[in-house]
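Working from the sequences, and respecting the hints, build out all of it.
One-letter residues, chain by chain:
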Amino acid sequence: MGTMLQIDDINVYYGAIHAIKGISLKVDQGEIVTLIGANGAGKSTTLRTISGLLKPKSGKITFEGKNIAGLPAHAIVKAGISQVPEGRRIFANMTVQENLDLGAYARQDTDGVAKDLKVVFERFPRLLERKNQEAGTLSGGEQQMLAMGRALMSRPRLLLLDEPSMGLAPLLIKEIFSIIQDINQTGTTILLVEQNANMALSIANRAYVLETGRITLSGEAQKLAASEDVRKAYLGG
Amino acid sequence: MNTIRKNDLLLIGLGIVVFAVLQGMMTEGLIGAFWKLNIFIICINIILSASLNLINGYTGQFSLGHAGFMAVGAYVGVVLTTNFHWPFLLALVAGGAAAALLGCLIGLPTLRLNGDYLAIATLGLGEIIRIVIMNIQYVGGAAGFTGIPHLTTFPWVFFVMLFTLIVVKNFVNSTHGRACIAIRENEIAAEAMGVNTTKYKVIAFTIGAAFAGVAGGLFAHCFYIINPSSFTFMQSFNYLIMVVMGGLGSLTGSIAGAFVVTFISAALASWPEFRMIIYALALILLMFYRPQGLFGYIELTQIGIIQRLKLKGGHK
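As they're listed, the protein sequences go chains A and B.
Letter by letter, the first sequence follows residues 1 to 237 of our numbering.
Letter by letter, the second sequence follows residues 1 to 316 of our numbering.
Hint data in this document are derived by calculation from the structure and do not stem from the laboratory.
Ideal Cβ positions, reconstructed from N, Cα and C, are used throughout, including at glycine.
Treat the hints with care, since some could be wrong.
[Claimed, not checked] Here are some, though not all, of the chain A residues that point toward chain B, as calculated from beta-carbon distances under 10 Å:
1. Gln29
2. Gly30
3. Val84
4. Arg88
5. Arg89
6. Ile90
Structural data, given as structure tokens:
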């Protein structure tokens, strides 16, 4: 399978703070790749740089052969990358349906959008039940589902997930992760950022470990999960 | 699409009825000169509050420079009609276009600011416009511009107001409008959805400024003289109060806000010493008991009782 996303030596700054120090990674078509690491390691920053919410100071980001580094976020959505932001960031005062409609904002094909709306409702039946409810009144798990459904409405080829387990009960985390696997099996490539390293490594093909803005380890997820260093640092012994 | 057109026709029909009643009362002499002028001002204020609502209420960009755009439209308009004898309509359009151009130029850099910073920047902009005008001798400087032909008539203010309402209403109900509302609700999420946030903020700002300019032209031609002190930041606050009082993100709210604020200040004109006290008290009470404004994010047609009446009518 071909390489879908290739990041070469990017550097990202928050003002004077050098947050990402020369990260390189790649995601192949059809994979689930995860970035794990402690708080402040630069996981979310990397994701936000890919989706165009932040601009890298140097380095290349290639998606399906095109350089997308520095493009504005709306152009990157059109190119086929969609992000589920950290903390979900749903439109709280809009209904579930309106949130999903906005997910398809960048698309012109009305028929395809209607079809994808059906698919999203099949995948998340609870969203269908609450279609006309204000999104702010949903539970945390339902909001995460809505944020994922909304991202899927742009029919992305690469889906970026930022901490989908944040603030959810263990049972719900399991459900969300099995949905992520499901989405991957229907052909969407996934780049997943997680603090819950155990869960992330259990569904991913490959993983990168980030520490203070650098990649310190990388490899197959299963091997990393078994490695002594990773177990000690991130999996609780 | 069909429902939008149907609603528009309904709005136009309703507008014509209201217009006919008011015009009839004016020709019959039932409305005196004082209230007639106040009806003019109410219509102009509705244009201003509806266009400001597009920026502040629907797109969520806190702007305090509306009086500045109004001043640009007013001065461009009066120069064109008085000195160059342009027809009124063209002068109004030119005033609106000048304000829109300025809005677009200023919007591009300032709309990258958020919240309080944008408010301060637009407040400063309004004052800069006023002070620049005050120092241009060609338009009379601080003494004001005199000898303006009295061109504003009731049909003019009324139908320009109706036109504004229809444009703003259709804009906020379109894809573009939904993009603006998404920006208000959550700018980062909107951007992640593929909304070009800068573009839509500038569009909303430009349309808002254009209508403020047109309103300025109408306002200037109500009187024989205008001067820069009519366009201070207190004026901008006044329009903001109308928008907030009526309800951010509600067009019917903007109409109600403009009506109530103008009506209160006109009705209390004979008691100038109590006017500001009552005005302030009304605002405090409103913010205390109804912080979302009279209509708060919903339109008159969405209010429960009217919906229920409609449903009942449907069952019969």
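Comparing the hints with the structure gives:
no., hint, in the structure
1, Gln29, "22 Å, violated"
2, Gly30, "23 Å, violated"
3, Val84, "8 Å, holds"
4, Arg88, "8 Å, holds"
5, Arg89, "4 Å, holds"
6, Ile90, "7 Å, holds"
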